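Peer 1: Respectively, the protein sequence lines represent chains A and B. Quick note: the first sequence, position 135, residue 146 per our numbering, numbers continuous. Quick note: the second sequence, position 51, residue 298 per our numbering, numbers continuous.
Hints may contain errors.
[Stated by the list, open to error] Now the in silico label distances, taken between C-beta atoms and shown as ranges:
| id | chain 1 | residue 1 | chain 2 | residue 2 | range |
| --- | --- | --- | --- | --- | --- |
| 1 | B | 292 | A | 155 | 18 to 26 Å |
| 2 | B | 290 | A | 254 | 48 to 56 Å |
| 3 | A | 83 | B | 319 | 32 to 40 Å |
Hints listed in this document are in silico derivations from the structure and should not be mistaken for laboratory results. The model shown is predicted, which means the values in this text are computed figures rather than measured ones. Glycine included, every Cβ here is placed at the ideal spot set by N, Cα and C.
Residue strings, one per chain:
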Amino acid sequence: MGNIVGAFAMSHVLGAPDGQEEQALKVWEGMQEIGRQVRALEPDLLVYITSDHLNNFRLSAPQPIAIGTAAAFTPYGDMGLPLEEFPGHPGFARGFLNFVQERGSNLEAVDPLRPDHGVVIPLDIVDPQHRIPTVPLYINMVYDPAPSPAEAWALGRMLGDYIREARPQAERVVIMAGGGLSHWIGVPEEGRVNAAWDEAFLRILEEGRNAELEALDNASIRQDAGNGGLEVSSWVALAGAIPSSPARRVFYEPMPGWATGMGGIAFHIA
Amino acid sequence: MGAAPPGVHAMIEHLIAVPQDRALIRSSPETLFERFGVPKDVWPVLRTGGRDDLAALRIQGNLVIKWLIWSGRPTVAVFPISYYFDRR
Numbered sequence: 012m013g014n015i016v017g018a019f020a021m022s023h024v025l026g027a028p029d030g031q032e033e034q035a036l037k038v039w040e041g042m043q044e045i046g047r048q049v050r051a052l053e054p055d056l057l058v059y060i061t062s063d064h065l066n067n068f069r070l071s072a073p074q075p076i077a078i079g080t081a082a083a084f085t086p087y088g089d090m091g092l093p094l095e096e097f098p099g100h101p102g103f104a105r106g107f108l109n110f111v112q113e114r115g116s117n118l119e120a121v122d123p124l125r126p127d128h129g130v131v132i133p134l135d136i137v138d139p140q141h142r143i144p145t146v147p148l149y150i151n152m153v154y155d156p157a158p159s160p161a162e163a164w165a166l167g168r169m170l171g172d173y174i175r176e177a178r179p180q181a182e183r184v185v186i187m188a189g190g191g192l193s194h195w196i197g198v199p200e201e202g203r204v205n206a207a208w209d210e211a212f213l214r215i216l217e218e219g220r221n222a223e224l225e226a227l228d229n230a231s232i233r234q235d236a237g238n239g240g241l242e243v244s245s246w247v248a249l250a251g252a253i254p255s256s257p258a259r260r261v262f263y264e265p266m267p268g269w270a271t272g273m274g275g276i277a278f279h280i281a
Numbered sequence: 248m249g250a251a252p253p254g255v256h257a258m259i260e261h262l263i264a265v266p267q268d269r270a271l272i273r274s275s276p277e278t279l280f281e282r283f284g285v286p287k288d289v290w291p292v293l294r295t296g297g298r299d300d301l302a303a304l305r306i307q308g309n310l311v312i313k314w315l316i317w318s319g320r321p322t323v324a325v326f327p328i329s330y331y332f333d334r335r
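Kindly generate the complete structure, drawing on both the sequences and the hints.
Peer 2: Shown next as structure tokens:
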């Protein structure tokens with residue numbers, strides 16, 4: 012059986028520092044702190060749960076839940092991000108694909124795949140040398156309807172089971188989630204940040220009430236945290252993989268200039 | 248959520264996949280509009296409209312942002328990623 016040696020979640024974007032230099036620095040330092048913690052765990056591989064931004068998926072051919080199975084990935088390069096290839100882990104990814112499908116749930120392989128900023132910003136902070144094999148796992152919240160928090164939770168439960176039951180002895184896995192917190196994308200509310208909602212969401216995780224996230228619903232998340240806030244489904248999936256583990260807040264800053272609430276947490280893994 | 252005008256999502260998704268065609272947004276947007284069958288009544292909004300105008304057309308939010316960036320009308324400030332990444 013493998014081991015989940017670490018679990019972390021953080022927002023997956025950066026923005027212009029102008030006018031909010033102090034907050035930007037706090038966010039950047041928090042993201043780097045998570046990176047240091049991940050590297051210190053010396054994982055054999057990283058599973059990164061996120062939503063794509065329609066750079067790899069099409070509205071006309073929905074793939075709500077998908078996994079990258081390639082041996083290596085070249086970033087899409089949005090936001091001027093570096094194009095250096097990073098390693099995948101096809102054995103883990105294909106094994107999880109089969110594990111999920113055998114249980115009657117929906118998970119599709121996505122190939123070709125050029126991960127966008129949703130993967131690459133956190134990854135390039137956590138593993139700037141691209142040494143850790145990384146499996147991108149997508150819960151794509153760009154569709155309407157999008158996967159529900161209950162579906163995300165169930166996917167995370169299966170991910171945890173897969174690592175603990177089906178992976179090689181002593182394999183060290185870190186799971187990360189990216190996206191959120193509250194933000195509105197391409198709509199009149201863009202620029203709004205609901206810090207109260209973000210705080211409440213983070214508090215659930217800090218208090219180890221992870222299972223409560225399964226009962227969230229997309230309509231209320233969209234209403235209170237925005238269409239971009241739906242990305243917290245990645246965090247819900249991560250919590251589902253480690254349902255009894257509380258988290259410690261590493262950083263939180265409402266960043267209206269970036270049009271998003273920026274947060275990061277590290278879970279206590281027993 | 249209702250549907251965006253015909254062709255608009257397909258046009259923007261094409262520009263995601265074929266970045267070299269993004270130059271047409273500024274040089275010859277009609278070429279794109281005609282290729283993807285975008286109704287003429289929404290051409291002015293696509294050429295000069297803002298975020299809220301595009302959202303009112305029911306264009307998906309992520310695609311609104313991309314269209315505006317490629318059109319030179321980004322909704323948030325542009326910055327070099329090196330501002331952060333050079334500090335790693």
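Peer 1: Could you run down the list of hints and mark each one as holding or not?
Peer 2: These are the hints, each one checked on the structure:
Here the CB-CB span from residue 292 of chain B to residue 155 of chain A is close to 21 Å, well matched to the stated 18 to 26 Å. Taken as a hint, the range 48 to 56 Å holds for the pair residue 290 of chain B and residue 254 of chain A, whose Cβ atoms sit roughly 52 Å apart. Under the hint 32 to 40 Å, the C-beta atoms of residue 83 of chain A and residue 319 of chain B, about 34 Å apart, fit the expected range.
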